[in-house]
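4 protein chains.
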Amino acid sequence: MAGNSFGKLFKLTTFGESHGEAIGGILDGCPAGLEIDLELVQHDMDRRKPGQSKIVTQRKEPDTVKFLSGIFEGKTTGTPIGFVIENANQKSKDYTHIKDVYRPSHADYTYDQKYGTRDYRGGGRSSARETACRVAAGAIAKQLLPEVKITAYTAAVGEIDLKKSYKEVDFSEIEKNPVRCPDPAIAREMETFIKKIRSEGDTVGGVVECVIQDVPVGLGEPVFDKLHAVLGQAMLSINAVKGFEYGSGFAGAALKGSKHNDLFNEDGSTKTNHSGGVQGGISNGMDIYFRVAFKPVATIMQKQETIDSNGNKREMQGKGRHDPCVVPRAVPIVEAMAALVLADFYLLNKTSKI
Amino acid sequence: MAGNSFGKLFKLTTFGESHGEAIGGILDGCPAGLEIDLELVQHDMDRRKPGQSKIVTQRKEPDTVKFLSGIFEGKTTGTPIGFVIENANQKSKDYTHIKDVYRPSHADYTYDQKYGTRDYRGGGRSSARETACRVAAGAIAKQLLPEVKITAYTAAVGEIDLKKSYKEVDFSEIEKNPVRCPDPAIAREMETFIKKIRSEGDTVGGVVECVIQDVPVGLGEPVFDKLHAVLGQAMLSINAVKGFEYGSGFAGAALKGSKHNDLFNEDGSTKTNHSGGVQGGISNGMDIYFRVAFKPVATIMQKQETIDSNGNKREMQGKGRHDPCVVPRAVPIVEAMAALVLADFYLLNKTSKI
Amino acid sequence: MAGNSFGKLFKLTTFGESHGEAIGGILDGCPAGLEIDLELVQHDMDRRKPGQSKIVTQRKEPDTVKFLSGIFEGKTTGTPIGFVIENANQKSKDYTHIKDVYRPSHADYTYDQKYGTRDYRGGGRSSARETACRVAAGAIAKQLLPEVKITAYTAAVGEIDLKKSYKEVDFSEIEKNPVRCPDPAIAREMETFIKKIRSEGDTVGGVVECVIQDVPVGLGEPVFDKLHAVLGQAMLSINAVKGFEYGSGFAGAALKGSKHNDLFNEDGSTKTNHSGGVQGGISNGMDIYFRVAFKPVATIMQKQETIDSNGNKREMQGKGRHDPCVVPRAVPIVEAMAALVLADFYLLNKTSKI
Amino acid sequence: MAGNSFGKLFKLTTFGESHGEAIGGILDGCPAGLEIDLELVQHDMDRRKPGQSKIVTQRKEPDTVKFLSGIFEGKTTGTPIGFVIENANQKSKDYTHIKDVYRPSHADYTYDQKYGTRDYRGGGRSSARETACRVAAGAIAKQLLPEVKITAYTAAVGEIDLKKSYKEVDFSEIEKNPVRCPDPAIAREMETFIKKIRSEGDTVGGVVECVIQDVPVGLGEPVFDKLHAVLGQAMLSINAVKGFEYGSGFAGAALKGSKHNDLFNEDGSTKTNHSGGVQGGISNGMDIYFRVAFKPVATIMQKQETIDSNGNKREMQGKGRHDPCVVPRAVPIVEAMAALVLADFYLLNKTSKI
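Chains as they are written, first to last, in the working numbering: chain A, 19 to 372; chain B, 19 to 372; chain C, 19 to 372; chain D, 19 to 372.
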């Protein structure tokens with residue numbers, strides 16, 4: 019499974035299964051001399067961690083990141099940053115019932131087919147627990163780019179939609195509610211809905227929107243590694259993601275060029291921003307904004323028909339501790355992946371001209 | 019600009035500017051012993067080439083691919099396949115008016131900022147002419163996977179939408195009209211609309227849908243290189259793309275898990291296919307389907323305000339030969355990129371188990 | 019420092035400093051279904067570990083490898099294999115005297131210049147302690163290729179040379195003496211010499227020879243990734259290595275073609291083996307053999323003049339626990355790197371033809 | 019054959035067979051704004067090209083490099099530099115006699131085994147003709163690093179050895195004789211010997227030494243991508259190379275640490291240079307010097323026994339035009355590969371610290 023690395027110069031490689039002893043990673047290529055604020059790292063870990071509120075999974079993990087190398091006397095040394103996060107609160111026996119059974123819309127079947135085996139405990143490697151490593155590394159990426167402001171929030175839960183442009187919302191409201199929606203009234207509506215869904219043993223999807231401000235001009239590498247293309251891969255690699263659009267997105271496909279084009283101001287900024295901060299795959303200095311669609315969590319607490327590994331019909335019901343809606347905890351993951359992308363392109367861009 | 023390669027084992031690297039002497043590429047990692055049907059390659063080139071109908075750009079390029087290596091006595095030898103495509107019909111003087119002027123929503127400004135220079139003729143490297151190389155390589159990828167059927171078509175032009183699931187359409191209709199829409203009536207509507215838009219000196223966006231059938235189970239490499247994540251990057255790297263969604267996509271974010279989950283049949287296939295043929299980043303053997311949003315072409319034949327490289331206000335009007343809507347010619351490009359992704363994962367999957 | 023990964027499909031990434039909390043790595047791309055014998059791993063670790071005999075450094079490290087992921091119920095799962103090795107016996111205060119002083123022929127000066135900082139404790143990242151991770155991963159690579167036999171041994175210590183072709187030596191003698199030289203008499207001579215050198219506070223270099231038998235035909239990827247070229251990089255990346263030659267090596271440069279050419283037997287094997295098992299960068303099934311030159315350890319227990327980070331003259335004398343000759347412990351490292359190279363090419367070769 | 023790329027940021031990918039229509043390559047990642055002197059490129063091509071003197075192969079190739087992209091108005095644009103070199107003077111019928119016969123110590127057998135097929139004309143991809151592309155790209159790398167001086171020369175032909183340290187030789191003599199040996203008397207001896215060898219229908223090996231002066235401190239990426247390790251791979255990837263040593267090399271393995279260590283001057287330079295300009299895998303600013311061993315050319319004009327692809331005994335005799343000694347033409351190839359390595363590390367080093 020040679021797909022566990024992300025980035026070219028600022029490169030994260032992760033390891034670990036949901037119910038193994040620990041997860042962790044190596045961040046290679048972080049420049050030397052960067053002062054690391056470990057509290058900022060833990061702050062993002064806490065925003066992602068399970069058990070943080072009543073509308074997320076109740077698995078209790080402190081998710082403390084233990085750095086093993088690459089940081090000396092508070093600063094990066096240019097050597098690889100190795101880190102581990104213990105799995106403290108596994109309840110693997112919750113999963114013995116799925117040892118031979120394929121959960122619908124999970125990765126059980128495809129892992130078994132591809133590898134001929136799988137660690138079935140808690141989804142093993144396919145669990146979103148792996149994203150904790152991304153958040154740890156992303157928190158360092160953010161510190162490499164202190165002037166860049168990356169802000170994600172919940173834009174939809176099921177059919178409840180924020181229905182506002184990012185320009186209209188107050189970012190300071192995001193972390194004030196457990197849903198991470200910047201509109202307090204809609205946040206309450208979403209929270210109530212998630213609770214209702216959970217009480218039904220069901221789950222629901224949603225949309226995360228992300229805005230990146232104060233991006234330097236020039237990030238992104240044409241042709242195949244356009245900034246928005248790599249951002250897209252980064253977001254689509256997050257568990258449960260079904261779609262990615264940036265700038266005008268799918269709605270932009272219905273427009274005419276005369277309306278869609280962003281006319282320039284004299285300083286190179288643009289009057290409108292349908293481009294979403296990226297032109298020709300390269301950042302133009304305007305705000306980057308994009309939307310990420312998450313499907314409903316596949317583990318539901320209702321009975322479902324399925325099959326076992328011998329192709330026999332079976333009935334199953336979810337056990338274990340799960341999120342009724344992944345979106346609130348996905349917000350810091352989206353930010354982390356965005357930070358990793360930008361950090362990598364920031365370093366790559368140092369070689370674009372003599 | 020170290021971003022001109024795509025793929026890990028089946029790897030395409032391209033070069034070339036719109037108005038340089040030639041474009042071309044190197045396809046490295048194609049297994050030896052593959053019989054190459056050059057007519058199939060040219061067939062896809064012809065589907066992409068300019069001047070093929072009245073609703074596309076009238077630049078005339080034969081777009082004949084000249085293979086220089088890697089094929090001997092009709093078969094691949096395992097060595098890199100080098101190829102060139104001449105630029106026969108450049109009219110570079112059409113572009114002297116933009117030498118110092120930034121076209122709105124083009125890459126002129128960002129290239130200048132990133133590289134400190136640019137080949138302004140026809141957009142240089144940022145031109146979609148580069149995608150001809152992708153189509154050439156993709157046509158070889160298709161031949162590596164003869165059992166896999168990749169079919170793309172126009173699903174929307176501006177606000178005219180096909181409004182049908184791929185299950186409902188007749189693929190045999192696609193190539194019968196210049197828009198490449200599988201519904202003859204809607205195709206005519208789209209064609210009329212594109213002509214109208216062109217007559218107004220304007221452009222319009224659209225959506226391409228792609229369906230991949232008979233995919234082997236097991237393609238895709240978790241965690242970061244999930245099949246749909248790399249497909250997403252591939253599509254977003256095509257010029258003018260603003261969004262990508264697969265399976266249930268953005269609409270799926272509004273659903274509940276109890277409705278979204280795909281229940282298994284006893285043979286491992288699923289009763290529904292909201293997953294879009296991919297679970298946990300790995301193909302499950304069901305149809306893969308996805309949608310790609312294209313913005314309207316930025317070059318319009320209307321007067322627009324803009325600035326020059328000194329930050330002075332300028333007025334400009336598009337010259338040269340351009341597509342009023344990029345979608346009909348994008349259809350084979352989408353297919354080609356899909357083929358490149360699958361070919362690469364097909365080779366990678368040979369090492370997934372002992 | 020984005021140079022901490024080795025391999026394309028079977029890829030090892032390592033982290034860790036000599037006196038940090040732990041060192042470790044991630045082995046990505048190991049096929050699923052491989053039964054792992056942990057005792058074989060530990061056996062190789064023990065062959066490399068410090069304190070194993072009187073002629074090596076007396077730092078005491080159990081060097082127990084703790085696997086954190088990727089192995090489930092005794093078999094690989096195809097997911098990344100994360101592992102850590104604790105640093106148990108650091109004596110960092112041995113190194114405070116070199117905090118601002120550059121040890122001659124060490125990496126202190128170059129790290130400071132490149133990174134603007136360094137972890138001076140025990141050489142930090144530049145310490146050969148990092149190679150413990152290579153041995154751990156190499157032991158898994160060996161298990162992936164059970165039919166291939168990789169054997170390294172000490173061929174020279176200082177001017178004491180084995181002076182025998184690998185064909186003439188008895189591999190079963192290698193591990194019977196602490197020098198790992200297959201000739202008992204010469205081994206004793208080497209051992210006595212190393213003890214004498216140590217008593218003088220000095221160090222000495224040497225040569226490791228490695229033989230790889232029963233290699234499948236077809237490993238190696240022309241043009242730049244020729245089997246012997248990647249073996250060469252692998253060996254030269256080991257601390258203190260100054261040279262690499264395979265087959266006829268430097269001596270072969272003095273020969274005529276009529277003498278150097280290896281004539282074929284009817285089964286494709288060759289009558290002689292000046293080629294060293296590699297022709298055109300691809301294994302031909304004959305024994306691969308190569309020699310690796312190691313310089314004398316730079317840390318000596320004699321007074322040396324040097325400079326500090328301000329360019330002032332200083333006098334220093336080695337402290338800490340060091341090897342008087344690195345070669346005996348380098349033997350398993352050479353084997354491990356050879357195993358990593360072969361495992362990677364073995365996987366790559368699965369895609370060479372349809 | 020996914021091994022046709024070299025470099026991480028400054029990346030060359032080559033294609034082409036000896037008797038195909040053309041060879042060529044793509045140099046991706048060259049920074050924008052670099053003025054390219056095409057005469058300097060051609061100058062190095064001429065130093066490598068066949069037919070340049072009486073002691074090399076008489077195949078006549080102008081070896082003119084045709085640049086197709088990436089250079090505009092005399093400067094690089096940051097886009098990939100595509101180039102082709104025509105094969106003008108193939109005499110493929112010289113090779114029909116080896117269609118089914120394996121030449122001893124050539125790549126015929128291993129290519130057939132690995133790929134199941136091969137382009138037998140002139141050795142196909144395994145021919146050293148491919149190195150023309152390296153020289154073209156290396157000539158651009160040299161221009162990226164104008165302050166660095168890379169000088170290679172012939173240090174041995176068969177048993178005739180220069181027997182001088184690079185410090186003792188006069189570089190200005192190198193290009194004054196067809197052997198490229200800096201000592202006129204020894205050069206004549208070598209030339210006479212090569213002519214004698216050729217008249218016997220035989221070939222001979224030799225050694226190229228290379229010196230790199232005025233290297234910036236800090237190039238090279240520990241751990242696996244140490245400067246000398248990547249230089250080693252680069253050199254070993256050149257056709258016919260059997261060994262690589264730098265600094266004190268194999269001779270250094272016999273020394274004691276007290277003699278081998280390079281003591282510092284107050285400015286950070288060292289009094290001796292056994293290290294060969296590299297410490298801990300990173301350049302220290304001192305001269306880098308290394309030696310490369312080349313085996314005798316395998317094609318000899320004498321009768322040899324061999325086998326065909328069915329395992330039958332055959333007798334064969336070399337035809338075609340070949341070098342009796344590859345070393346004189348290898349000199350610019352060694353320089354080119356050194357330049358590619360340094361250019362890549364130069365770019366990578368831009369990200370080593372904040």
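Keep in mind that the hints are not guaranteed to be accurate.
You can't tell identical chains apart in this list, so a pair holds if it fits in one copy or across any two.
With a cut-off of at most 27 Å between alpha-carbon atoms, the simulated DSS-like pairs for lysine-lysine come out as follows [what the hints assert, rightly or not]:
1) 337 <-> 213
2) 194 <-> 274
3) 213 <-> 117
4) 368 <-> 26
5) 167 <-> 274
6) 274 <-> 181
7) 72 <-> 277
Everything labelled a hint here was simulated from the structure, so no lab data went into it. A quick note: this is a predicted structure, and the numbers were derived from the prediction, not measured.
Okay, the hints, checked on the actual structure:
1. Within a single copy, residue 337 and residue 213 get their C-alpha atoms as close as 18 Å, which meets the 27 Å cut-off; across copies the closest is 58 Å, which misses it.
2. Proximity of residue 194 to residue 274 under the C-alpha cut-off of 27 Å is restricted to the inter-copy arrangement: shortest distance 26 Å between copies versus 39 Å within a copy.
3. In this assembly of identical chains, the alpha carbons of residue 213 and residue 117 never lie at most 27 Å apart, being 29 Å within a copy and 58 Å across copies at closest.
4. In this assembly of identical chains, residue 368 and residue 26 lie within 27 Å of each other by CA distance both inside one copy and across copies; the values are 13 Å within and 14 Å between.
5. For the identical chains of this complex, residue 167 and residue 274 are neighbours neither inside a copy (31 Å) nor across copies (33 Å), given an alpha-carbon limit of 27 Å.
6. Proximity of residue 274 to residue 181 under the C-alpha cut-off of 27 Å is found in both arrangements, the shortest distances being 23 Å within a copy and 20 Å between copies.
7. Taking the shortest Cα distances, residue 72 and residue 277 sit within 27 Å of each other only across copies (24 Å), while inside one copy they are farther apart (45 Å).
In this structure, the earlier hints numbered 3 and 5 are contradicted, and the remaining ones agree with it.
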